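**Q** What follows is the residue order along each chain.
2 protein chains.
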Amino acid sequence: MSNKPSLHTSLSPALLHLYDLSSSVIVIIDVFRATSTIASALYNGAKCVIPVDSVPKAIEISKSIGGIAAGERDGKIAEGLEHGNSPLEYGRDFIENKTLVLTTTNGTRLLQMALDKNADTIISGSFPNLSAVCDFLTTEKKHVVLGCAGWKDRFNLEDTLFAGAIINRVKKQFNIHCDSSLMAETMYVKNKNSLVDFAPKLTHYHRLVERFGLIEDIKYCLTADVANVLPVYAAGKLSVR
Amino acid sequence: MSNKPSLHTSLSPALLHLYDLSSSVIVIIDVFRATSTIASALYNGAKCVIPVDSVPKAIEISKSIGGIAAGERDGKIAEGLEHGNSPLEYGRDFIENKTLVLTTTNGTRLLQMALDKNADTIISGSFPNLSAVCDFLTTEKKHVVLGCAGWKDRFNLEDTLFAGAIINRVKKQFNIHCDSSLMAETMYVKNKNSLVDFAPKLTHYHRLVERFGLIEDIKYCLTADVANVLPVYAAGKLSVR
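In the order they appear, the protein sequences are chains A and B.
FYI, in this note's numbering the residues of the first sequence are 9 to 249.
FYI, in this note's numbering the residues of the second sequence are 9 to 249.
Hints listed in this document are in silico derivations from the structure and should not be mistaken for laboratory results.
Please read these numbers as outputs of a predicted model, since none were measured by experiment.
One thing to keep in mind: the hints can contain errors.
Stated by the list, open to error - Facing chain B, a subset of chain A residues (Cβ under 7 Å, in silico): (1) Leu23; (2) Lys209; (3) Thr211.
Don't be surprised by glycine CBs; every beta carbon is placed ideally from N, CA and C.
Take the sequences, apply the hints, and build the full model.
**A** This is the structure:
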């Protein structure tokens, strides 16, 4: 055993209880699309993103602070809201200097679970901010848990592929003894040069593209470093560190 | 959507609640080593295998019926028992016409969970009986859940690789819309010609081989069709169908 910090991958929120977060950085991963949207909004100048667990709460908070209420349920804009969970909705013209109050199916819930488990540090990651996440993890030198949001507790491959992308870049700095991480990196290395071509095999692709026509969202969410900022969670908000 | 039955892979007992078992065959998968041991004992003529959840129960039942009490905890023979969870312990000379009463860390527990969820049919599978399992699934034409036992609710790769081996053989007969199954088959196809060489990368390999020297067990557990019988669970017992 080395003195390097450990790195584990939690493949679903239903597996998060297996990992001690109290001395770990947890990376919240919801590639399609919450954590890609968070990176996009912050990269384009949003003051911060406030993740909330319900539509009424999103509306209430956004009204009280003059923010933008947004969110999705089951892949589409949530009833009662005008803005959804697409990273392409949050260009600089629209979001700069505003606060986004966001509610989503999976990512928001996982973040709340990490809070309940007293995570040392919570950050959010997806391909658009891959490098910022990796730089933070290697600089911080703490234990790491890569938390895949999945889909309603089911394993999904897009979150796993992003966990694999992180592992592929940072593995020398960590002590990794975790079958989930080995699998994630293997799947990433196998598909890294053709992520967009691989996407039609994913369950969630069908939900987003065949039902809602969101192919441009998919492409954005699978492109590295197009919104390369680091969202860190503190006092109820994700903001750029 | 086709009229074919569905196939899903549950990567951990902690994910089993996501799947409806009431009209499904569930394959209990605990490659290292419970379901390999079950196949081995039945192939070598055991009358049946009675899976139980505790050492005292194993001792009590084996005494009352004149069977062999066996089991492991944390990879080694459980305290109070003389026989463990190695498929190589159960050669024909020893086990023929006897009843094995077996308790293990993960496989036994998953089987009990499948019972609690009213699974339509419960069978047990591992590489030593790969063909028997595949033949049954394609003949039965019911929905299938491949249930990986994992390690104390953690994902493990050896169970996933076996799920992938099944999928690779039977996928044309099923409607598969499941990222776990896609991943499992991909990992299997990538490693199928070198399973034993791949094994040292697995978390559980270190537990079994570095701590207990069980390399021959590992090889047996990764060899297809060396104990090619189909263990079916009914009335508290696994016996050959």
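**Q** Hint by hint, say whether it matches the structure.
**A** Results for each hint:
With 7 Å as the threshold, the beta carbon of leucine 23(A) comes within range of chain B, its nearest partner Cβ sitting at about 6 Å, so the hint holds. For lysine 209(A), the shortest C-beta to C-beta distance to chain B is roughly 6 Å, which falls under 7 Å, so the interface hint holds. Interface restraint check: threonine 211(A) against chain B, minimum CB-CB distance 5 Å, threshold 7 Å, status holds.
In summary, this structure violates none of the numbered hints.
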